[in-house]
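With chain A held as given, fit chains B and C onto it using these hints.
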Amino acid sequence: MLPDALPPPDVCCLGLAKTFGSGPTATEALRPLDLTFAAGQTTALLGPSGCGKSTLLRLVAGLEAPSAGHVTIGGNSPAQVCARAGLAMAFQDASLLPWRTVRGNIALALTLARQPADPALVERLIALVGLDGFGDRRPAELSGGMRQRVAIARCLAAEPRLLLLDEPFGAVDELTRLRLNFDLPRLWEKRGTTTILVTHSVTEAVLLSDRVLVFSPRPASVVADIAVSLPRPRNRDVMATPAFRDLVDQASAALWAGSLAGPLAAE
Amino acid sequence: MIARAGAGPRALPGWVWRWGALLAALALWEAAGQATAGRFLIAGPSEIADYLWTNAGLVGRALAVTLQAATAGFLLGNLAAMALACVALLVPRMAWLISALALLVFCLPLVATGPILRVLYGAGTGPQITLAALAVYYTTYLPLLVGLRAAPASWFDLVHTYGQGRMAELLRIRIHAAVPYLVSGLQIAAPAAFLGAMVGEFTGAERGMGVLTIRAIGALDVPGTWALATVASGVSIMSYLALGALGRRLGTHPRDLLLAPPQATRRPPAARRALGRLGRAVGLIIVVLLLWQGLMEGFGLNPFFAKRPADVWAFLVTVPEAAANRALLLGAFAQTMVLAVPGYLAGLALGAMLAAGVVLVPGLGAAVLPVAIALRSVPIVTTAPLLVLALGRGATGTITIVAVMIFFPTLVACLTGLRQTPGQVMDLFATYAAPRRQRLLLAQVPAMLPAFFAAARMAVPAALLAATTAEWLATGIGMGSLMALTASTSSYAMLWAAIVLLASTAMLAYAGVELLERRVLRVYASEQRQP
Amino acid sequence: MPLITTSRRRFLALGAAGLSASAFGLRAAQAQSAVALQLSWLHSVQFGGSYIAQSKGYWRDLGLEVALNPGGPNAPVEPPVVSGQALVGISAADYTAAAVANGAPFRIIGVAMQKNPFAIASLPGNPVNSPADLVGKKIGMALANTPVLQALCTLNGVDITQIEIVPTQYDAAPLVSGQVDCLLCWQTDLPVAMTMQGVDNMTMLMADHGYALHSQTYIATTDALANRRADLVALMKGEIMGWQDYEADTAAAAQLTVDMFPDAGLDLATQVLQAERQAPLMFSDLTRANGFGWFTDETVAANIETLALLGRSVTPDLWDRSLLEEAHAA
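Protein chains in written order, with the working numbering: chain A, 1 to 267; chain B, 1 to 531; chain C, 1 to 330.
The following block holds chain A by itself, in its conformation from the complex:
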């Protein structure tokens, strides 16, 4: 694997807000928000469906333009970072190209990142996500969990310094999800990549992150900021500890309290 010469960036959101549409039908997806994601940390964004956490992620990735405020990644704009292949994003469905093989899908990231083809790297990534022997298969021939592994491998291929994970395990079954939760973080933990993870699973948020931000229902605001200092690598043993359960309870409570503060409570 290439040495990661540059340190991971921090991500700053300043007065960041997003409104979709205009006039009476306008929808406020994100209220002005100030947030900083520390370099090299994994932060989980936890919140109810549709609260705007995915919008936040898309704003960071530069996929949406903010209505107000701005995002900087290590001092640069998202567009600048994207242009240098400095970030990678994983989507809820794996978003693999159905006409490319596993190998081709992973290699695509190198092409897009304007990096030279590196078959050996691709093979290493395939092995790393446990898909040895599946390099020539097409996505349609893989299970949901396998597709997600390919998507993660693709994310890592271009050595991004910022990982954006948008409910990457949302579409797989519970057992597979747990296994992915155990296995995959090791791939990026070692490199100290800055990671932002969107999830609506409390367990997953605590298990994967150094910090959990709990959001209220739309328009999103942060209702809890929980530091997670559990030992790594995290596995089933960690999950059995009181500290883990305590953090889960804390996040759950914040989630519940936040939902009472939101529009649902008014009804």
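Bear in mind the hints are in silico, worked out from the structure with no lab data behind them. Any given hint could turn out to be false.
[Said to hold, decoys possible] Listed below are several chain C residues computed to face chain B (Cβ distance under 7 Å; list not exhaustive):
(1) PRO73
(2) GLU78
(3) GLY103
(4) ILE165
(5) GLN197
[What the hints assert, rightly or not] Derived SDA-like pairs (lysine to any residue); straight-line CA-CA distance at most 20 Å:
(6) C/LYS138 with B/ARG39
(7) C/LYS115 with C/GLU298
(8) C/LYS137 with B/GLY394
(9) C/LYS115 with C/ALA207
(10) C/LYS138 with B/ALA83
[Unchecked claim] FRET-style restraints, in silico, Cβ to Cβ:
(11) B/LEU508 with C/GLY311: 33 to 41 Å
(12) C/THR222 with B/GLU321: 52 to 60 Å
(13) B/GLN438 with A/THR25: 28 to 36 Å
Small disclaimer: the values here were computed from a predicted structure and weren't measured. Built from N, CA and C at the ideal position, the CB exists for glycine as well.
Just chains B and C, lined up with the frame of chain A:
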């Protein structure tokens, strides 16, 4: 906003492009008309306006007549398509046969069907209405059948849990699911119906746009010819837009033509597949021969012009002149194919490339699409002579006509296909700030393939129709001319032999494209093909 | 049951009485017989005599109700005549000969155009005045008409390989725009169109150079000749009367045509010119002596010779003058 970079700093608003392109086209047209004045080639907008002003009553009455026949044919043809689709759905075992027969009838050349319809109906608008109906039913039938099947399995399970059967499926679910597909089929059908009605008038009519067109061409009345072509395309464009608007009011987003690939079926082993295909082909041939003979006997059509299968066989195989007959037929066939195939490929390429261009240069779409709709909507019976006049009688003219006929459906289908690229895939490319060209090549073009192949399939009959019509009305060579010639020599056995050859060619080419499509889509649209 | 029968009879009797009192009285002399005449092209003064017969009621007076069915680019004449939908069709000797060779039981019962209208049209700057002038020229024509050109060449000792044939359809534009030097067309259509558009042109009538072929011929089936003789005679009689009027005043015929078919897009000046140019083809010393539509054993023999050059071998009994004789006698 790096993802959906619709409006960069240099991009002009859509209306600037649209009106600018329109004005530029009109100016160019007028200039061409002025430059070629006295050569009887091109009439500019001013001459056309003058003609229409002077002959408003005449053209208005003709338009009313043709429009009436076209509307009747449009309604009947689409009703027939709906009935066929429902039967195909309710009797799934018959679906392949119904589809094949529907395609076959659609592939019958107008030159051949016209006179027979005239004999069947006598004087009046019967042939016009029938030809209009024949021109539309297939382009409605196909998307409708796809639409009727385009509902998630769980919806049907829901119906079944209440103990309901096929009828309830059809009434409660399928019909509703099919509406968007129907609307897109109807959009394609509207210009086709008008063309059918015009060609119907060629079989002997007192009045109508077709009659006036023949008259104008014969009288060297260039402004008249161009004015009639303009009116006909105007009507077609308006009906196209009106049906689109209707679809939107119905709350559906028209599914642009035939995006669905051929029906995904479980794949039996190769040997059985080949056997099954062979069996169906033989079955189809038998059914067609029986229908052919039966219908002619049933209607009591005189064997002088309504040749039976045995007559054609004799003409091509057993009579002493059989070898000469075959040579003449195949010679003309070769002349046609030499033009139809390049035209077909050029039209597909042009459609796909323009679609790519529209994606690469936003704003181009606003300029290109209206022109494309207009070009496609001009009835081929009026464009063919004009294009040949403008481009000469060589290969270029005919190839261009064929290409023009098929590039628009291809463009529309490809544009839809390009837009079908999953949003997250586009996001993925955006996170790497991949340039537009790269997105197009690596993500959108492959995602476009199902739509492209659907268009390529439908373009097969259209290409043959265009090539033979151009030959018939303008260049005087090939199958189109040979078939028209049979009227003066009463060699109706040759006409029927030509029909058999053309229809078989269309069917085989269609099947060939479909086969290729299945292969390609197995890789490129594996998700679409999940049952 | 009997009750119903009685009342029904009474009703019928009443009805019949009412009819005979009114309309029946007018029509009693002759029951109108409905027939169709299949024209070979769109309505124009080409069929002016028939329109006159129609509008002046010549057929009605003969007890015939005639429908004039227009033709078109995709409307061959022979099928409706063979199938009995039209009693008579307007064809030409070569078309008819071909149809007979393919099994159609046709007879030519009258000849409207004594001289074949085929002509070579050219522009004054590059004229074709005689068949010899064709050598080295580019001629625009439907390939289907190659035998026609071949016949003309054979009749006049011209080598057809010295002429370059450019396939065109029926349209004067290739000549006007200089794509060809001359056109094979009808004397009465494309040259008229060019003249009307202000394009100076000249024509060489092929009939003046040995191309003897009856055109605008009336054809009927042998079955009709045997079984519907009275209708055929009446139809031809109306035609004869109509065309006599036409000869007397071609301009009036043109005016009538335009009036009868206001939706056909006809231009009066064009129709007048066409009507004028058509007359010399239809009326000759022969018709002046014997009447409209006439033909003789000699003209038939000349036609058979030309047909042989076109690759059609026919016998004189393709022509049947008996109806014409009856029509002129009555």
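Here is what the structure says about each hint:
1. With a cut of 7 Å, the hint placing C/PRO73 at the interface with chain B holds, because the nearest CB-to-CB distance is about 5 Å.
2. A least Cβ separation of about 6 Å between C/GLU78 and chain B falls short of the 7 Å threshold, and the interface hint therefore holds.
3. For C/GLY103, the suggested interface contact is upheld, since its CB lies about 6 Å from the closest CB of chain B, less than 7 Å.
4. About 10 Å separates the beta-carbon of C/ILE165 from the nearest beta-carbon of chain B, more than 7 Å, and the hint is not met.
5. Because the smallest distance between the Cβ of C/GLN197 and any Cβ of chain B comes to about 5 Å, under 7 Å, the interface hint for this residue holds.
6. The suggested pairing of C/LYS138 with B/ARG39 holds, with an alpha-carbon distance near 18 Å, which does not exceed 20 Å.
7. Distance hint between C/LYS115 and C/GLU298 is fulfilled; the C-alpha atoms sit about 14 Å from each other, no more than 20 Å.
8. Between the alpha carbons of C/LYS137 and B/GLY394 the distance comes to roughly 18 Å, so the proposed pair stays at or under 20 Å and holds.
9. Simply put, C/LYS115 and C/ALA207 have alpha-carbon atoms about 6 Å apart, close enough for the 20 Å limit, and the pair holds.
10. Of the pairs offered as hints, the one joining C/LYS138 and B/ALA83 is violated, with about 54 Å between alpha carbons and a cut-off of 20 Å exceeded.
11. Distance hint for B/LEU508 and C/GLY311: a CB-CB separation of about 35 Å, consistent with the stated range 33 to 41 Å.
12. Restraint check, C/THR222 to B/GLU321: a C-beta distance of roughly 26 Å breaks the suggested window 52 to 60 Å.
13. Checked against the hint of 28 to 36 Å, the pair B/GLN438 and A/THR25 passes, with Cβ atoms roughly 35 Å apart.
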